[in-house]
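Based on the hints, put chain B in the right spot on chain A.
Residue numbers (my numbering), protein chains in the order written: chain A, 0 to 297; chain B, 0 to 297.
Since the hints were derived computationally from the structure, they do not count as laboratory data. Beta carbons are placed, not taken as given, at the ideal position from N, Cα and C, and that holds for glycine. Among the hints, a few may not be true.
Unchecked claim - Looking from chain A toward chain B, a few residues come up when the C-beta cut is under 10 Å (computed): (1) G52; (2) F58; (3) S96; (4) R105; (5) L107; (6) L126; (7) R130; (8) R132; (9) I134; (10) D138; (11) S188; (12) H189; (13) F208.
Said to hold, decoys possible - Non-contacting residues of chain B with respect to chain A, defined by C-beta distances greater than 12 Å in every case (computed): (14) E71; (15) C144; (16) L164; (17) N221; (18) A223; (19) S268.
Listed below are the residues making up each chain.
Number of protein chains: 2
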Amino acid sequence: MGLFERLTNDVCELLGLDCNTPTDAVFSFTGLCSRGGKTGAHVDGWGIAFYDGRAARVFLDPQPAVRSPLAELLRTWPLRSLIIVAHIRRRTRGPTSLPNTHPFTRELWGRHWTFAHNGTVPGARRLKLGRFRPIGTTDSEHVFCHLLEVLRSELGDYPRSPRTLVDLIAKASRRIANDGTLNYLLSDSHRLYARSSTSLFHIIRQAPFGQATLSDDEVKVNFADLTTPRDRVAVVATRPLTRDERWTAGNPGELWVFENGALRFSVDSRGKQDGRAQAFQARGRARDQSRAADGVSP
Amino acid sequence: MGLFERLTNDVCELLGLDCNTPTDAVFSFTGLCSRGGKTGAHVDGWGIAFYDGRAARVFLDPQPAVRSPLAELLRTWPLRSLIIVAHIRRRTRGPTSLPNTHPFTRELWGRHWTFAHNGTVPGARRLKLGRFRPIGTTDSEHVFCHLLEVLRSELGDYPRSPRTLVDLIAKASRRIANDGTLNYLLSDSHRLYARSSTSLFHIIRQAPFGQATLSDDEVKVNFADLTTPRDRVAVVATRPLTRDERWTAGNPGELWVFENGALRFSVDSRGKQDGRAQAFQARGRARDQSRAADGVSP
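This is chain A alone, in the form it adopts within the complex:
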């Protein structure tokens, strides 16, 4: 059974990783894709973005995974990155197409921004656009283009204060979500922004590392065998991917901001920091690529 052939329960699922050392997503991606059991349901469009500095390398496939050599490639290629954004879609109506495949990418302020969305925003077409225009026809890409235009027009340049950026993203997201469901992953190459509307979970994996078992598979991994004590990885997913780790559920309207593998900011549905954000340890990102906390090919 192929990696991308077993998603059943949801129309789409999100997976994000934010790490302090370059990490591959094979274990979590396997969990994401086996979601719902080995029923053989086809995944019909999927994409994954791996950041390398300010640039994102994005692999998109609008085709059913059963016909996709790219799916097979990524199942066996442990590409490492500090930030990974993935999206998997199960077809419900009509064919998928490349322009409608998440994650979407745009350049703003000399860095790639990526966006993957789970939900529906029926009034998205009414959101004001500016320099960013949709290429495809999804509400999701329209929301993304609108959000970037808000940032560009209100900030002018990438702000020195992360709080300024976080507050603006949170505020714009609340406004957009008034008219729909807005679970999303967003990255600017520096941080991973994860917004919960109906379903989003995260976990921080750090020392002491334990064992984890994928929720829908018998695949186990002992992270202690694969990591160094300083490794730290934040994993965000539509639902918990493992059954023996403690995942944190997002509240409706909550925005998490991850940096260096830690939760740096958490903004609640009223725009207030809700106090749950962990103390942010501002140690630099690791430079060595010798070990990776998520790095196992089951």
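Coordinates of chain B only, in the frame set by chain A:
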């Protein structure tokens, strides 16, 4: 010997295809990559963009091809597209990186633009930028961002008249090339723009189809076996890829514009149409994907 391991003579090579029916690039890409004979020289960074409607699916690999599973994937996966832009680089100084890997991509007017460059523009940093900013550090990406800013600021929106767009691209390119070498491939998802400064060739393959043999290999293909009479493919490359076809050399400063597999415009170094452009047959792009003129996996 891998597909991407045999480039020797040039720092980089360009390959573009513009077709009236979805076509794969395996034959020409094999020719591009075997350029210079089977000497085992490593290709150190390469990328290829396949258009699907207004969106481009871009595969980038800054790694030596000898370690690249992606190179092996694309050698055997006949992805079909109406417009393909590829770039291969041989390392001369220092490592390549993802942000510096061609082709570059930006969204303008709701369509992906892609750009691959062969040459050097020493004064590129002095070219004015606007809404598009480089992510990497190459002169090539700076030129691309500048060119798009010229189009955006002078045209406002995608012009109905192709001549307006072509003339502006030609004019801006002449100005940029005053300060460097500007062989490039550019696409807006609708047309393929190919500019020659020092070395660029093209060929139009159409009925009656003959046989072709790759210049540096013994790989032959009889296009008549692989095409329908209505298929037409324009192939552009840094140097002729085959030894038994008649390739047209670009004059210094010349800009070719291909559409539906035909040469629609040709602008010379003084901005005049030079009369060599073929009569453009404005028949629509083919919808069927049953046959492809370049579609053979040697």
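Going down the list of hints, with the structure as the test:
no. : hint : verdict
1   : G52  : 6 Å, holds
2   : F58  : 8 Å, holds
3   : S96  : 7 Å, holds
4   : R105 : 6 Å, holds
5   : L107 : 8 Å, holds
6   : L126 : 15 Å, violated
7   : R130 : 5 Å, holds
8   : R132 : 4 Å, holds
9   : I134 : 5 Å, holds
10  : D138 : 15 Å, violated
11  : S188 : 9 Å, holds
12  : H189 : 13 Å, violated
13  : F208 : 28 Å, violated
14  : E71  : 8 Å, violated
15  : C144 : 9 Å, violated
16  : L164 : 17 Å, holds
17  : N221 : 26 Å, holds
18  : A223 : 28 Å, holds
19  : S268 : 31 Å, holds
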